[in-house]
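*Asks:* Residue strings, one per chain:
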Amino acid sequence: MVPLSYYLILSGILFACGVTGFLIKRNIITIFMSIELMLNGVNLSFVAFAAQWHALSGQIFVFFVMVVAAAEAAVGLAIIIAVYRTRETLNVDQVNLLKL
Amino acid sequence: MNPIQIIPHAADYVRILPELVLSVFGMIIMLIDPLLDDRRSRSLSGALALVGSLVAIIATWMQSQSPGLGFWNMVRVDSFSIFFHFLIASITAIVILMSYEYMSVQEIRGGEYYGLILFGACGMMLMSSAVELVLVFIALEISSISTYVLAGFRRRAAISAESSVKYFLLGSFATGFFLYGVALMFGATGSTTIDAIGNVLRSGHIPVLAYMAIAFMFVGLGFKVAAAPFHIWTPDVYEGAPSPVVAFMSTAPKAAVFAVLLRVLFEANAPGRIWLIWVTAALSMTLGNIGALVQDNVKRLLAYSSIAHAGYLLVAFAALPENGIPAAMFYTAAYAFTNIGAFAVVSHFGGAGERRVTMEDYAGLGKRSPLLAATLTLFLLSLIGIPMTAGFFAKFYVFSAAIKANLVGLTVIGFLNSAIAAYYYLRIIVVMYMREERDDSPVAPVPFALGMALALSLFATMYLGILPGRMLDYASSSVSDLVAPAMQTMPVQGIAQVH
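Which chain is which? The protein sequence lines are A and B, in order.
Start counting the first sequence at 1; every next residue gets the next number (the working numbering).
Start counting the second sequence at 1; every next residue gets the next number (the working numbering).
I should point out that these hints are in silico values taken from the structure, not numbers from a laboratory.
The C-beta atom is built at its ideal place from N, Cα and C for all residues, glycine as well.
All the given hints hold, so there is nothing to weed out.
Not the full set, but computed from the structure, chain B residues with beta-carbon under 10 Å of chain A:
#, residue
1, E141
2, G176
3, F177
So that you can see chain A by itself, here it is in the shape it has in the complex (with noise of 0.2 Å):
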């Protein structure tokens, strides 16, 4: 049987990833991409825990995880379709009206 912490290491670096990506990438929709490899990092150690603990709450917790990402990609994607309408772009460079 493979070991808890491989799996916990796996969704470390699968999280971390997507922290790297949001920081670094600079097409909006890569950056929610990144977004979505880092929930998904958490839904492996939420299954990884819950064999651990042979509690299957851990488990169901992945499909709320899941859905509400599908609400927000639904609701994400709508306001990068607003944005490209009124900037012709994505590129998080270039959509600096307002001065970081």
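Position chain B relative to chain A; hints supplied.
*Replies:* Same frame as chain A, but now just chain B:
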């Protein structure tokens, strides 16, 4: 948990009654909106939304008569959650009142707007009564997704869409962190119920994972309340979003997230919270105030001020529970009413397309519209923390709670920051009264609904500043709900003490 009993009781529904009311009204608005023309859509759905939020206040009162757990230990109605329900419902009502004028001036259709406000408020209320972390996550998302859309509601304006996308990306990023924290907490304790987590963490042996979990959850929630160093999005989003929406999202979701933080930190007895809070509070106060000093746009200035206020509020979280919890609750309410009032003035004065938002535009407002200027002055004085306003007692309770917990360093930083903050708030007042106006075009008269919103928030600000005792007593009575949570023997006295 008995597998046979899978049908909720009527009592369960009472525990989420205000949320149900808000969702039903939100859905009614969404259903009838397509049948209305633009003008009717604004007035009728606005009226429905207002009725919805008032019914939610009544529902909260009904709910307060029967506190307890509902839906298999998912939600808990106690005086703590009732406090936040009332607060969020009142914020919603005031924001709806101030939105009437804004929507017609900006020529935006009203239906979805009011619907989303109600759905968002529903999520926020659920956050304050949820005692299970996955439910907290779902409620957090209900509230966040609604506010993402609301931030971009002037969708033809490029800055509004940009503000929305920034809020969305950083908000989802924060959600990811929060959720990872929940997953680690589940791994550390085998449960996601706040009460069960608290029992494990109080038992003496604290797993290392729990520390990581708290840190991750804190990062996620810190983003949502705009505490430094997770505050970068705030000025941009507040500048681009419609003013009534900013009034809403700088108060209601923050109140809800602070409620979650209180539950997680105190009820679950989070390990290592003091230094985590210490650093964040000190950073938020300092960076917020320093950022606000150089702002020329009033909305950006208020955004930085809201970062600083999140910092003051967090000071209370480092204090002892018996002083810190009431202080934090009082501060949340005081800040909410003051800030909504200030944004109501900003929203009215901004005019079509929100063009008048810089310091220059406010020059001579004292002459052009004395009443509006006087109202804004009072709100700004409350934000500074001048006696006789809500802001004074809010700061007083927070800092005295900090002193009692021997947090002298943090209190000194807080006092110094209050002094810095006075400078930029007073700058607006000085500009309004002492500077000659550039254009003397008359300011539009204040319509009835906006007047009501201003009057209500002004009343709340002054009331809490002159007679703070009642609310503080109520807040103190809910301390026992958090620090001594007896899951099965939920006491009824929490509510009874108030009256």
